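Q: Each of the two chains sits in its own frame; use the hints to bring them together as a complex.
Sequences listed follow chains A and B, in order.
First residue of the first sequence? That's 1 in this note's numbering, and the numbers climb one at a time after it.
First residue of the second sequence? That's 1 in this note's numbering, and the numbers climb one at a time after it.
Hint data in this document are derived by calculation from the structure and do not stem from the laboratory.
Do not take every clue at face value.
Stretch-level coverage of chain A by chain B, calculated; a stretch enters the list once three of its residues show a Cβ under 8 Å from a Cβ in chain B [to be verified]:
#, region
1, 32-45
2, 51-65
3, 93-105
4, 116-124
5, 131-144
The model shown is predicted, which means the values in this text are computed figures rather than measured ones.
Beta carbons: idealized from backbone N, C-alpha and C, even for Gly.
The primary structure of each chain is shown beneath.
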Amino acid sequence: MLSLIYFIVLGLIALGAAVCVLLSRHPLYGALSLVVSMVSLAGIYGLLGSPFLGVVQIMVYAGAIMMLVTFVIMVLNGARDSKTPMFDKVSLFIFPAVIVLAGLIGFALVRAPLAFDATTLRGSVALTSQTLFDVAQTGPGYFILFEILGLLLLSAMVAAVLMAKKRLGSVESENTEGNH
Amino acid sequence: MELQPIFIQILSLAIFAVGIVVAISRRNIFFVLMGIELALNAVNLSFVGFAKTLPAELSVAGQIVPLFTIAIAAAEACVGFAMVILIFRNRESVDADTYSNMRG
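The following block holds chain B by itself, in its conformation from the complex (with noise of 0.2 Å):
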């Protein structure tokens, strides 16, 4: 049996779906900047996976499109994590649900 498009879209998937549970169910906020970043990896995955499955020329644009994807991920922490310290140093504490009053 050999390695078909389907079993790489299936990985991609779990990936995926253990990302978001932890972006959404932790409660410590460096698990949920780690969780978005898990669900980032699974997408570029199946850009990948999916553009393996395209014709000579086509096949180009889905292993060029996550380094632009893995470029935004690098800002995204840069600021979410510069983020992450100004709260930090109101509220004492990395737990999320104090951060749900935002009134300064």
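Pulled out of the complex, with its shape left as it was, chain A reads as follows (with noise of 0.2 Å):
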């Protein structure tokens, strides 16, 4: 009953975040509706019993990549379009699409019978590591996955700096040197 009354709160505090993402005009505070939408769903996660997931959830999410979004907006002082409309006439067309969508998968969750099983692993710190680590021949094989998915940040941030950076013998590049 009580973990009932806990889904109730975060799960309107998460939606009511995500809502106000949609309908908020300037970017920085839509960007910080999704900090509060992000930091609810970790506590979803504590409470359905995954509680490193919430952290990762917390430290990389509402942390790191929301860090990134914000000082994205403030570098290029996203505001400046905020004069144009936020929706076009294509949105009309979008809302009711998304709510047949919606309608219709949410017709077959509500067939599909769930229930929830009494020997679920809690996901713990010891239990995930274990998992994600097991070098053994007849284990998972996730570790395979985590080094793929190193060398996938590390090309990631390579192709960030080489896109980001301003061309050195570029015109752009000159003018801004010429005037230090």
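A: Structure follows, in structure tokens:
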């Protein structure tokens, strides 16, 4: 009973913050609403018995990714186009389409027999790390995915630096160097 | 009345729908990227909710996969915002409609 109350409160906060992202005009307010939504989702993970996932959600999503988002918004002055309309005529078709899609998926979900299993393992730090770094030949093999993920993050970082840096020798960089 | 798995899936579906609407209908490029993040979050929640309906050993996978999803979302945000900075330098605008012409 108590878990249901906690779930309803956290779920309402998450959904309300998501709607705030949809309706906010300034991107910075949208980003802050998104942080609220992610933190309450982390609370739901803890409630469901995956505390490690909740902590990772707070550290990586609400910490690192949203820091990047707010940083880029502040650097680029993203409010500069706030006078243009938030929605246009295409949005009129998107709302019913998404509502119909959600209705269809919801119908399929409601008809599916779902029940909590009593023997479900709690996703604690010990269990998650044991499963993730199980290098036995008969193990699940998540450690290979983990190493590939390291390569992916490294290549993403290199790609971001290469794309966002100023081209050396270009007209733009020479102009700024001349000003200094 | 106890907490049912279907409630988690309905919440996940609602957040996913809001994320898709944000990503498609908003014109500001930052909101497009934030809508994608919101939809990814909803899918993570759905994974955990379904994992809790599985018996002992099977339920671990549903709690490992969201970790990978979060890391890939970090890489996606990194590259995505680098592209936004790059396009913004050319167009001086965050309106996605001005990006429709990609001829450089």
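Q: Each of the hints needs a verdict: does it hold here or not?
A: So, going through the hints one by one against the coordinates:
1. Only residues whose beta carbon comes within less than 8 Å of a beta carbon in chain B count, and the region 32-45 of chain A has 6; three or more means the coverage holds.
2. Coverage of the region 51-65 of chain A by chain B holds [criterion: at least 3 residues with CB-CB distance below 8 Å; count 8].
3. Here's how the region 93-105 of chain A fares: 7 of its residues keep a CB closer than 8 Å to some CB of chain B, so the rule of at least three is met and the hint holds.
4. Counting residues of the region 116-124 of chain A whose C-beta sits closer than 8 Å to any C-beta of chain B gives 6, which meets the bar of three, so the coverage hint holds.
5. Look at the region 131-144 of chain A against chain B: 4 of its residues bring a Cβ nearer than 8 Å to a Cβ of that chain, three or more, so the hint holds.
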